[in-house]
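2 protein chains.
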Amino acid sequence: VLKMVNSPDIDSILAGNRLAVSRALSRVEDQTEEGAMTLSALFPFTGKAYLIGITGSPGTGKSTLTAQLARLFRKPPFGNDPMKVGILAVDPTSPFSGGAVLGDRVRMRDLAGDDGVFIRSMASRGVLGGLSLATSAAADILDAAGFSIILIETVGAGQDDVSIASLAHTVVVVESPDLGDDIQAIKAGILEIADVLVLNKADLNGVARAERALRNALDLADTAHTYYGKVGHQEQPVNTKTTLSGSWLTPLIKTVATNGEGVQDLYSAILDHKEYISKNDIWLVKSEKRLTEEMNHLLRDALFDSWWGKISEDRYQRILGQVLRHELSPYQAVEMFLKQPK
Amino acid sequence: VLKMVNSPDIDSILAGNRLAVSRALSRVEDQTEEGAMTLSALFPFTGKAYLIGITGSPGTGKSTLTAQLARLFRKPPFGNDPMKVGILAVDPTSPFSGGAVLGDRVRMRDLAGDDGVFIRSMASRGVLGGLSLATSAAADILDAAGFSIILIETVGAGQDDVSIASLAHTVVVVESPDLGDDIQAIKAGILEIADVLVLNKADLNGVARAERALRNALDLADTAHTYYGKVGHQEQPVNTKTTLSGSWLTPLIKTVATNGEGVQDLYSAILDHKEYISKNDIWLVKSEKRLTEEMNHLLRDALFDSWWGKISEDRYQRILGQVLRHELSPYQAVEMFLKQPK
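Residue numbers (my numbering), protein chains in the order written: chain D, 1 to 342; chain X, 1 to 342.
Read the hints as simulated data drawn from the structure, not as lab findings.
A couple of the hints might just be wrong.
Treat identical chains as interchangeable: a pair holds within one or across any two.
[What the hints assert, rightly or not] Capping the alpha-carbon separation at 20 angstroms, the derived lysine to any residue pairs in SDA-like fashion look like this:
{"#": "1", "residue 1": "K289", "residue 2": "A165"}
{"#": "2", "residue 1": "K84", "residue 2": "D11"}
{"#": "3", "residue 1": "K274", "residue 2": "R71"}
{"#": "4", "residue 1": "K310", "residue 2": "L338"}
{"#": "5", "residue 1": "K84", "residue 2": "L111"}
{"#": "6", "residue 1": "K286", "residue 2": "L320"}
{"#": "7", "residue 1": "K339", "residue 2": "L298"}
{"#": "8", "residue 1": "K339", "residue 2": "Q322"}
{"#": "9", "residue 1": "K286", "residue 2": "H326"}
{"#": "10", "residue 1": "K310", "residue 2": "V207"}
{"#": "11", "residue 1": "K289", "residue 2": "N259"}
{"#": "12", "residue 1": "K274", "residue 2": "Q264"}
{"#": "13", "residue 1": "K339", "residue 2": "H297"}
{"#": "14", "residue 1": "K48", "residue 2": "E327"}
{"#": "15", "residue 1": "K286", "residue 2": "L324"}
{"#": "16", "residue 1": "K310", "residue 2": "Q340"}
{"#": "17", "residue 1": "K48", "residue 2": "G321"}
{"#": "18", "residue 1": "K339", "residue 2": "D305"}
{"#": "19", "residue 1": "K310", "residue 2": "K339"}
{"#": "20", "residue 1": "K310", "residue 2": "L299"}
{"#": "21", "residue 1": "K339", "residue 2": "W307"}
{"#": "22", "residue 1": "K274", "residue 2": "P76"}
Produce the entire structure from the sequences given, and follow the hints as far as they go.
Here you go:
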């Protein structure tokens, strides 16, 4: 059994103490052993938060939309209760985190002064899978600290999509009309993970063309969808209950994040999806899948570390040398390592 | 030692037979055991090709630029010899590969009829690290089949950047002036991996602003750079030998891929970088690093598979169940699995 970390620390995190939360996040991002112990101690208190992934290409206005959503969860319409909101801005392309963090801070200045909001930029990058584990761990800490809505903003392309889809309960994919002729290409894969599709910057030229392209792509992807009213005309969505014969229909919602138009429709669609996955036990299935993947990932690392501790440096270097001289293929080398582990 | 695959198959690949190459690529993409054996048999004949990564956000015109480069390597200027060109279009976001492949085919129709060009779209996605291993394996097959230039086009964001940087000998990062206000944010991380930076669509409005932003970012990233002449004025690069006191200076090159402007400058910059890394043994260091990473990745998979073969399904499910009920943290579960592996 792992040693326990300072229990006062754990109590502070559970009480929502910002400094304790911040310290724990750093420990986890740095992948220290103390971080792992903190996560273990907090683990029984996790599983309550609702995780919303917000993903899309650079330039679609994800950050502005994330900030608007946070404001709405803090001051909700329809008589809903305000919720504590955690924001994780994951920027896998930025090792020094300069630009992104700065941009977020400007967009989220008012939120930063709200005690019910916790914003964290994560710039981790490098090791495969490291990003998703760190993000997942950060979400667990915010979860234990009582943030019941966690918005996870990621740049949408490649492996990180896969990660966000297995981490978040609702995945919001953000598009904009100014993406150029790659719009068709990028759609195919990313629609697969979209629970809610957003066409942001809906006040720009070309919105009709982009909307047609997205609706076509949705049709191709074989997920039905409802039609929402025009932005700027204050029409209500035709049908906010986007279910039909038990399956979820990915809605397409037009927004102008910079002035807030359409964001309330997005908020409603997310809550609809939350209700849908709660009713159908999908929440449970998703959470179990995520935990299983995490455990297996940690297991892989631990098995490699354990093997690495046993093999002699000499033997490893000798076989690696044969690979580098193209005398042995990597596959053949692995076979030798496994047959004779020492 | 692995069983040998049909040697006529291997001979056909080495002779550059298109059907044999195509079959081998499929086997490798499907991760069959036969694929692994083919790779092992071809391994002694690899290591000769020059791998060029072309990465950037959607909409920057990567595909058009890749096609133009391929044409230039086939009919080179300066009296250079034509080279056989392999093109791997990696689209990690597209599991059904509809849009991307179609787009590529239109852009590359003339190339598809050239026997010295082999184009392959790879739509693999899912398993972490699976993408880079499959791409690397595909490059090895084309390498063994005599394609001495391999262009690898990837969508630039997240983990795949890291992969392309460790796979390719020269990384070309493509930007365009119409990326919006995220341009600053995305630069920071991706510049780190750029050996050559391209500002494509240099005939669009806003090119001066984008160029300033990129030059500032290059300065911040602490890599020097040379100034290339204006697109459309046929000026020669100020200095194609972009080295200073032994270190490589990432050049910024403006292109209009759709009409070919500036592409010859890009071609020259790539050859300069090739010469630079060949002279300074960086080619060797990069190749060794790539092989070491691949072997370790395969080893990780093999160690997990071997462990998985030994543990009883009962015990695994029992401990996993405790994790899913939040009675054990994933870290604690892994510790139990390792202490008592059966």
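Hints versus structure:
1. K289 - A165: Only inside one copy: K289 and A165 sit 11 angstroms apart there, 31 angstroms across copies, limit 20 angstroms.
2. K84 - D11: For K84 and D11, only the intra-copy Cα distance (18 angstroms) is at most 20 angstroms; the inter-copy one is 64 angstroms.
3. K274 - R71: within (18 angstroms within a copy, 51 angstroms between copies)
4. K310 - L338: For K310 and L338, the Cα distance is within 20 angstroms both inside one copy (12 angstroms) and across copies (14 angstroms).
5. K84 - L111: within (11 angstroms within a copy, 56 angstroms between copies)
6. K286 - L320: For K286 and L320, the Cα distance is within 20 angstroms only across copies (15 angstroms; inside one copy 40 angstroms).
7. K339 - L298: between (24 angstroms within a copy, 14 angstroms between copies)
8. K339 - Q322: within (17 angstroms within a copy, 33 angstroms between copies)
9. K286 - H326: Result: close only across copies, 15 angstroms inter versus 44 angstroms intra.
10. K310 - V207: For K310 and V207, neither the intra-copy (60 angstroms) nor the inter-copy (56 angstroms) Cα distance is at most 20 angstroms.
11. K289 - N259: Neither, since 37 angstroms and 49 angstroms both go past 20 angstroms.
12. K274 - Q264: within (15 angstroms within a copy, 53 angstroms between copies)
13. K339 - H297: between (23 angstroms within a copy, 17 angstroms between copies)
14. K48 - E327: between (54 angstroms within a copy, 15 angstroms between copies)
15. K286 - L324: Between. Shortest inter-copy distance 11 angstroms satisfies the 20 angstroms Cα cut-off; intra-copy 42 angstroms does not.
16. K310 - Q340: both (11 angstroms within a copy, 16 angstroms between copies)
17. K48 - G321: between (50 angstroms within a copy, 18 angstroms between copies)
18. K339 - D305: both (18 angstroms within a copy, 13 angstroms between copies)
19. K310 - K339: both (14 angstroms within a copy, 15 angstroms between copies)
20. K310 - L299: Result: close both inside a copy and across copies, 17 angstroms intra and 14 angstroms inter.
21. K339 - W307: Both: 13 angstroms inside a copy, 13 angstroms across copies.
22. K274 - P76: Within. Shortest intra-copy distance 16 angstroms satisfies the 20 angstroms Cα cut-off; inter-copy 57 angstroms does not.
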